[in-house]
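**Student:** Sequence:
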Amino acid sequence: MSTPITLQPATPRIAFTALPPLALYVHIPWCLRKCPYCDFNSHEAKGEVPEHRYVDALIADLEQALPLVWGRPVHSIFFGGGTPSLFAPESLDRFLSAARALLPIEPDAEITLEANPGTFEQAKFAAFRALGINRLSIGIQSFDGGMLKSLGRVHDDREAHRAVEIAARNFDNFNLDLMYALPGQSPEQAAVDIREAVAAGAPHVSAYHLTIEPNTYFHRYPPAVPDDDTSAGMQIALEEMLAAAGYEHYETSAFARPGRQARHNLNYWRFGDYLGIGAGAHGKLSFRDRVLRQVRHRHPRDYMDRTLAGDAVQTAQDVTVDELPFEFMMNALRLTGGFPTTLFTERTSLPLSAVLPRLADAERRGFIERDAMQVRPTETGQRFLNELLQIFLED
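Residue 240 in our numbering is what sits at position 240 of the sequence shown, and the numbering runs on without skipping anything.
Treat the hints with care, since some could be wrong.
Calculated cross-link-like contacts (lysine-lysine; reagent style DSS-like; alpha-carbon spacing at most 25 Å) [as the list claims (entries may be wrong)]: (1) Lys124 with Lys46; (2) Lys34 with Lys124; (3) Lys34 with Lys149; (4) Lys149 with Lys46; (5) Lys46 with Lys34.
Ranges between beta-carbon positions, derived for each pair [said to hold, decoys possible]: (6) Gly71 with Phe384: 18 to 24 Å; (7) Gly146 with Thr380: 31 to 37 Å; (8) Gln314 with Leu66: 17 to 23 Å; (9) Gly71 with Arg13: 21 to 27 Å.
These are computed hints drawn from the structure, not numbers from a lab.
A virtual CB, placed ideally from N, CA and C, is assigned to each residue, including glycine.
Whole structure, please, built from the sequences with the hints as guidance.
**Tutor:** Structure representation (structure tokens):
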């Protein structure tokens with residue numbers, strides 16, 4: 001009698017039938033002043049910023065990356081920082097002209113520029129609009145002068161209002177970045193900021209809880225901030241105010257009027273691809289049989305020197321099959337509406353069965369609700385997102 005053969009399950013492998021949408025992120029690392037809460041790769045502008053050379057490096061970086069994205073259309077571009085609006089329109093125009101020559105950028109691509117209210121000038125922002133930038137993301141943080149001082153911002157409340165006026169005059173689409181649970185902030189002060197944003201007619205509002213990050217001034221010298229119960233009350237109140245004003249709460253910290261969701265950021269949250277160029281920029285690119293993560297050289301001077309010598313990338317590493325489910329969930333579960341079950345397979349190439357036991361665990365704990373078509377976080381899952389994501393890291 002022959003011995004029965006035991007079939008071992010096949011080792012999952014990456015095999016995409018179609019690649020995700022592609023976005024372009026461009027990092028401009030200089031700012032007027034380093035904020036005490038900021039842990040981004042930003043550097044205070046001391047003396048003259050080497051604007052021309054940095055754009056040379058960005059173009060060289062893009063040229064070096066072309067073999068990885070050849071022929072793939074780009075649906076959005078995001079200039080982040082730092083404070084990209086420090087750069088002259090002519091510099092951004094030079095980069096965009098090169099990008100349009102090198103990449104098939106879609107005619108209706110969303111092109112976003114992050115801007116600090118302290119850099120707003122009418123003529124400058126009209127020029128930004130004329131060269132094809134069609135969306136602004138403005139770091140207001142607060143309309144309260146005292147709160148702005150406590151955050152170490154370079155602009156005051158008057159400049160915050162002026163920036164919004166200039167944005168509304170030149171752009172149909174713009175986002176206001178606000179923060180809450182600030183040092184010494186009361187619930188009423190937090191509510192006033194939301195009312196100001198709504199009154200300004202902002203098509204999109206991002207509202208972030210102040211987080212004390214490692215390696216920041218606030219981490220070394222922690223300010224007195226509202227307690228957890230007070231800050232949770234602020235979050236609930238701002239969500240209710242924005243909903244009453246007609247904004248859809250579509251991502252953990254993002255609220256938009258109908259049709260004004262941030263296309264570039266949605267691509268991140270749906271686990272799309274993005275080519276990241278510039279000092280310290282991160283990128284994620286999919287191929288038929290692998291997913292690649294890249295990081296550029298971090299310090300601006302080092303980045304320029306190395307990139308212009310033909311070496312833009314500091315590290316490049318494939319995402320393993322085992323890492324893909326968590327990476328997908330870390331992004332997609334930030335969306336309040338969750339994700340279609342088919343999207344998991346489209347963006348990871350893995351069957352949904354690879355995460356069914358974990359989804360069942362998350363559902364049992366009350367963090368998600370699901371059916372055959374959709375997985376979405378519950379209100380509990382949204383409030384305790386870190387605990388929800390931990391399920392997809394557990395062995």
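**Student:** Provide an ascending list of the numbers of those earlier hints which the structure does not satisfy.
**Tutor:** Number 6 - this is the single hint that the structure violates.
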